[in-house]
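Peer 1: Sequence:
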Amino acid sequence: MRRIAWLTDPHLSYVPPQASSEFLESLNGLPVDAIFLGGDISEASRLLLDLSELSARVHKPVYFVLGSHDYYRSSIASVRFQTAQLCARMPNLTWLNQAGVVELTTQTALVGHDGWGDGLQGSVEEAVPMNDELQIEELTSFDRHTLFAKLNELGREAANHLHRSLSAAVENYPNICLLTHVPPFREACWFEGAIASDGILARAVCAAAGAVIEQVMKGHPERQLTVLCGHTHSPGFAQVLPNVQVWTGAAQYGQPRVQRLFWVP
1 MRRIAWLTDP
11 HLSYVPPQAS
21 SEFLESLNGL
31 PVDAIFLGGD
41 ISEASRLLLD
51 LSELSARVHK
61 PVYFVLGSHD
71 YYRSSIASVR
81 FQTAQLCARM
91 PNLTWLNQAG
101 VVELTTQTAL
111 VGHDGWGDGL
121 QGSVEEAVPM
131 NDELQIEELT
141 SFDRHTLFAK
151 LNELGREAAN
161 HLHRSLSAAV
171 ENYPNICLLT
181 HVPPFREACW
191 FEGAIASDGI
201 LARAVCAAAG
211 AVIEQVMKGH
221 PERQLTVLCG
231 HTHSPGFAQV
241 LPNVQVWTGA
251 AQYGQPRVQR
261 LFWVP
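In terms of the working numbering, the sequence shown opens at residue 1 and continues consecutively.
Derived from the structure by calculation, the hints contain no laboratory data.
Check before you lean on any hint, since a few could be wrong.
[Claimed, not checked] If you anchor each label on the Cβ, the simulated ranges turn out as follows: (1) Ala-168 to Ser-197: 32 to 40 Å; (2) Glu-125 to Leu-261: 19 to 27 Å; (3) Ala-168 to Leu-241: 28 to 36 Å; (4) Asn-131 to Asn-92: 38 to 46 Å; (5) Pro-221 to Thr-105: 19 to 27 Å; (6) Leu-241 to Leu-261: 34 to 42 Å; (7) Tyr-253 to Pro-31: 24 to 32 Å; (8) Glu-171 to Glu-125: 37 to 45 Å; (9) Leu-30 to Thr-146: 15 to 23 Å.
Glycine included, every Cβ here is placed at the ideal spot set by N, Cα and C.
All chains, full assembly: derive it from the sequences and hints.
Peer 2: In structure tokens:
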């Protein structure tokens, strides 16, 4: 068995440098074998620095995905390129967009992808505006139709990756963890203690990823999947299938925290 620490949405760009360093140092002291980090780690101008410091201070494997804030004031293409280069130099950092199936134990595997709110849940007409379309190069200067076409494309990209990796994982492991930033199901998109409104669902659910998860896991009822996500800053739990449970993490700007410590068999 291995013990895991899961955190999401630390938003280190909102944390003073000294406090950020102390938080990262505290992660190294946790009685765990690995760290799962679920996106919105920082912002593009600080992301590489924060990931580098995380790698230096935490002397154990760190598996992570990115959230939309990690691309702020830059572009998706640039941040992805730089993140891939950084991980190539730092062997304890694994960005799950680049990984396939990660073996945690002989009984448990990890897969994951950033995900993106793709407009396939809720109502596009009621969709809430977000800073994403002001701060991320690929999403700026779009009308609503073009914006959601791009978001749908990003959702499909996540779904395609998860289809490959999850399909491979269920062939060899009875237990799978799936780390992502955006909730893949409506039932897991919590906001202030309840399921989010249609306007939020359109921006805060990666429905394409959820469809893939449902398809694969319905075909393998003997396998168990635990999904870990964040994005909405509101905690919750959903049992979306008999063999699929989804934990959504809490967050507050300026106050990074560990969500859960748990064992995997």
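Peer 1: Give me the numbers of the hints this structure contradicts, sorted from smallest to largest.
Peer 2: 2, 3, 4, 6, 9
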